[in-house]
Amino acid sequence: MPNSAPYRYPGATPFSTDQKDIFFGRKGDTIALTQMIRREQLVLLHSKSGLGKSSLLNAGIIPTLKESGKIFPVPVRFSAW
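In this text, residue positions in the sequence shown follow numbering that gives the first Met the number 0: the first is 0, and each later residue adds one.
No lab work stands behind these hints: they were computed from the structure. Glycine residues also receive a C-beta, built at the ideal position from the N, C-alpha and C atoms. Do not take every clue at face value.
Restricting the straight-line Cα-Cα distance to at most 27 Å, the calculated cross-link-like pairs of lysine-lysine (DSS-like) are [as the list claims (entries may be wrong)]:
no.: 1; residue 1: Lys26; residue 2: Lys47
no.: 2; residue 1: Lys19; residue 2: Lys65
no.: 3; residue 1: Lys69; residue 2: Lys19
no.: 4; residue 1: Lys52; residue 2: Lys65
The following label-pair restraints were derived from C-beta to C-beta distances [said to hold, decoys possible]:
no.: 5; residue 1: Val73; residue 2: Gln18; range: 13 to 21 Å
no.: 6; residue 1: Gly24; residue 2: Ser48; range: 14 to 22 Å
no.: 7; residue 1: Asp17; residue 2: Gly68; range: 29 to 37 Å
no.: 8; residue 1: Gly68; residue 2: Ser46; range: 25 to 33 Å
no.: 9; residue 1: Ile21; residue 2: Leu41; range: 12 to 20 Å
Please build the complete structure, drawing on both the sequences and the hints.
So this is what it looks like as structure tokens:
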């Protein structure tokens, strides 16, 4: 049976900000990206779908920046449709 509505595979559900305590294995990425965000006016995070960008931001970067008390991230998510 042919697929009547093609779609992009959304991948696994990303980690949320509330799951920061169980998010692991990306400490180096979290540190490097946090430092870059503090240094630069604009930082672009780009890669293929499903590689963990949203998880890194939600469970790594956002909690780290909030803890610093100097930068207050405002998550914005644009839909692909």
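We went through each hint and held it up to the structure:
Distance hint between lysine 26 and lysine 47 is fulfilled; the C-alpha atoms sit about 20 Å from each other, no more than 27 Å. Using a Cα cut-off of 27 Å, the hinted pair lysine 19 and lysine 65 holds, with the two alpha carbons roughly 12 Å apart. Of the pairs offered as hints, the one joining lysine 69 and lysine 19 holds, with about 19 Å between alpha carbons and a cut-off of 27 Å not exceeded. With a C-alpha separation of about 18 Å, the suggested pair lysine 52 and lysine 65 falls inside the 27 Å cut-off, and the hint holds.
Taking 13 to 21 Å as the suggested C-beta distance range, the pair valine 73 and glutamine 18 conforms, at roughly 19 Å. At about 19 Å, the beta-carbon gap between glycine 24 and serine 48 stays in the expected band of 14 to 22 Å. Separation of aspartate 17 from glycine 68 is about 19 Å and departs from the stated range, judged on CB atoms against 29 to 37 Å. For glycine 68 and serine 46, the hinted distance range of 25 to 33 Å is satisfied, since their beta carbons lie about 29 Å from each other.
Checked against the given bound of 12 to 20 Å, the beta carbons of isoleucine 21 and leucine 41, roughly 30 Å apart, lie outside it.
Figure legend: structure checked against the earlier numbered hints; hints not met, in rising order: 7, 9.
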